[in-house]
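Student: In case you want the letters, here they are:
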Amino acid sequence: MAPPQPQQVNLSPAELSFLRSTLCQAPPVRFDHTKGPKDFRSMRAEYDVLPGANGSARVALEDGTEALVGVKAEVETSQWRPSPDARGSALAPDAEMRDAADDEDAKGKGQNSWIEMSVEIPGFRDDDSLPVFLASMLTESLLASGGLKDRLYINTRFHWKLYIDILLLSPPLSYPLALLSMTTHLALLTSRLPALKSEKDEDPLFDDDWDAAVFLYPKSKASASDDKPPVIVLAMGVGPNIIFDPCMEELAVADSVLAIACANATASSTRARIVSVRTIDPPSHLTPPGVPNSMNSATGGTVPASSAEALTQRELLANSGVWTPPRGGMKRGLISQVVKMVVEEGGVAEEVISALQAIELG
Amino acid sequence: MPLDTSTYSLALLRLDGRRWNELRNIHAQISTQAAADGSSYLEMGNTKVLCTVTGPAEGRQSGQRGGRDNEAKVEVEIGFAGFSGLERRKRKNDKRTSEMQHTLETAYSSLLLTHLYPHSTITLNIHILSQDGSLLAACINAATLALIDAGVPMTDYLVACTAASSATSAESDNSDPLLDLNNLEEQELPFLTVGTLGRSDRVSVLIMETRVRMERVEGMLAVGIDGCKRMREILDGVVKEYGKRFS
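Protein sequence lines, in the order shown, are assigned to chains L and A.
According to full-length UniProt numbering, the first sequence is numbered sequentially starting from 1.
According to full-length UniProt numbering, the second sequence is numbered sequentially starting from 1.
I should point out that these hints are in silico values taken from the structure, not numbers from a laboratory.
If the Cβ cut is set under 8 Å, some of the chain A residues that face chain L in the computed set are:
id	residue
1	Ala-35
2	Ser-84
3	Ser-130
With a straight-line cut-off of 20 Å between C-alpha atoms, the simulated EDC-like cross-links for lysine to aspartate or glutamate are:
id	chain 1	residue 1	chain 2	residue 2
4	A	Lys-95	L	Asp-126
5	A	Lys-90	L	Glu-116
6	A	Lys-90	L	Asp-127
7	L	Lys-197	L	Asp-207
8	A	Lys-90	L	Asp-126
9	A	Lys-90	L	Glu-76
10	A	Lys-90	L	Asp-128
11	L	Lys-161	A	Glu-87
12	A	Lys-95	A	Glu-77
13	L	Lys-331	L	Asp-281
14	A	Lys-90	L	Glu-74
Non-contacting residues of chain L with respect to chain A, defined by C-beta distances greater than 10 Å in every case (computed):
id	residue
15	Ser-113
16	Gly-300
17	Asn-319
Glycine residues also receive a C-beta, built at the ideal position from the N, C-alpha and C atoms.
Excised from the complex, chain A in its bound form:
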């Protein structure tokens, strides 16, 4: 579906009525499933993701149980539900999925204090129930919440956001970067996914698959990182709200 992004410059409102730096409605829950060690459910607009954590536990494979150097191994499995997209489609083991899995595995291997759990495996199972843009960001945020619920020690929240450049022509320099894209915007605009460690500016995940002019990247990154900080506050609120039940 072609999206007329040029209308943005008229009213400075996006297709779904947001301003350039507004996040979509975010709803999150933790400890949604009694059978899992940790679980979370996250909605970012119409993107809905469910994540469960198993472990740290003895690995299921008979060969190597843990990671290298006496550290825990992080495994990520992402499953797209057949009904998640606009049209029903089975997605199994395609390149995009395995790249997302790899991104999450590497990000969390360095973030979690894996040296505390030698010879063990931490398995993250992510179910994508409904997709409407910012998929990788939603997966990262849901995984962070589930790992917190599972009580796996980590240094800070890993939170992620997407940011895009709304510029339609090379001349228009006064275009705003957009925060937290939905599916339509993602198809039309060059965008990146950025994940940072909590309040700090330390970027831990950065993925961009579309082409964009060099000058614009800085603005996109700045907006993305700013969005991550707000996302951290929201997720932190969810965790604290959950904690209040036990105080």
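One chain only, chain L, in its complex shape:
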């Protein structure tokens, strides 16, 4: 029914070549020429948009792509899993006391299966590669960033199950990972769970006052070092330059694309942390190559006799300005440069996370 890939840009080889050469300049001239290499596209964002969800957010980018995330939590019974440690405590005479101590500290008790994420993109089936890949990347970074799953622990018999439903409302014009991640971040940041009134291993009883509900990501006075959900930024390498938050046209000439999930600084680390990094196959690999004059019989060249010959000739013409789809991955030096730009003080990670925080503060 739908094309299996995100929509391709319809640019000719000459246009692609032009776009690439402008992006390779120092400093790079971007598709939107008012932006520098680290500038993000402007967006409109709002949160708490849905009455029936624990947390929700909607973000629309300036190019018209729009995402909506709803977070819903349900109480589920935990499966009893015997562990050597727990059995020892049950047999020991001071079991009561140890139980009490455990309640204080839910650390390490969360399970990955307590968070379920689904991504819906119009025109794509649930099991198409794009939604599945996006969902797994978002889940992966969320689980890797630590504390969330432990906060879903209620007591030994019950836990919260968190459903995160991500809806892309528009067709996926550019690679939507960064947009979905920012929307999820905002939704999780504003999600609240009803306050627990029961104690220890009683059947859970909750405060029915929504004003008393506790935030899923607790807030303290020094809000800068609170635990916050991770956010994924896209960085693309083109020639010697690094460009953040590429738009659709820029992605079409990327040498390589990195998705970097970063979390804010916590008490233990002074600077923003990187939670996970992934390379993404850029759509530029699928663009059609241009035909140089020397290989075109209509312009006085000679058409290569075999495809192998054509390949060697193209190899020689790599820097001639005739468009050839980029090959290979990202250079090590470039990766370390990207990482540095993300985590440094006042870097991209800090900027994005504090910008999203500012939305919530109003």
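Chain L is fixed; fit chain A onto it per the hints.
Tutor: Just chain A, lined up with the frame of chain L:
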């Protein structure tokens, strides 16, 4: 949750404090999304629906691109968001959804001037963000607004409303029909969804899935059609308000 509908006859007020012929609070926007050809957002009480229109465009399927007889094909996709209901549930391709899709497809195929766009497809994507009764009516109203935003020519607004019969026993003949139901009322009372063409009395969509006594249907229909007329005024106001921005 059992609903005590018998309290209605005491004060003639419904559970949410409305009179029998009152609509819920309706809020609508058009052109909400820059990337779509047409888009709309509609709230009827706590029912929230978002609709985007793509096309008229070349069909995505390799086989038949348009509809029959050189007319455009109308495709409708309805997606229930996992968080839309009271409990989180995934709904994909169940019978109720496909019936709603079919209802919208047939209604709009006859309403839109599809002969102007041979070999093309008009795709309606409807996202249900929050459900609280009158779902089909909300979908129809949102789709109408989105199609107007997309500039697809049609003869008149297709607007819809729900109406129910509040009678609890067979003897009580003096019961009022109720207009624009919420989820609780929908579970308890027999109701129908009626869609009409603008100001006229021409019924274009009529669906009733519950059983009700024959005599009551006429009253329900009358109230429903009356509600549709008011709904048309509201939607028309939204469209005109939007148009003022360009004048």
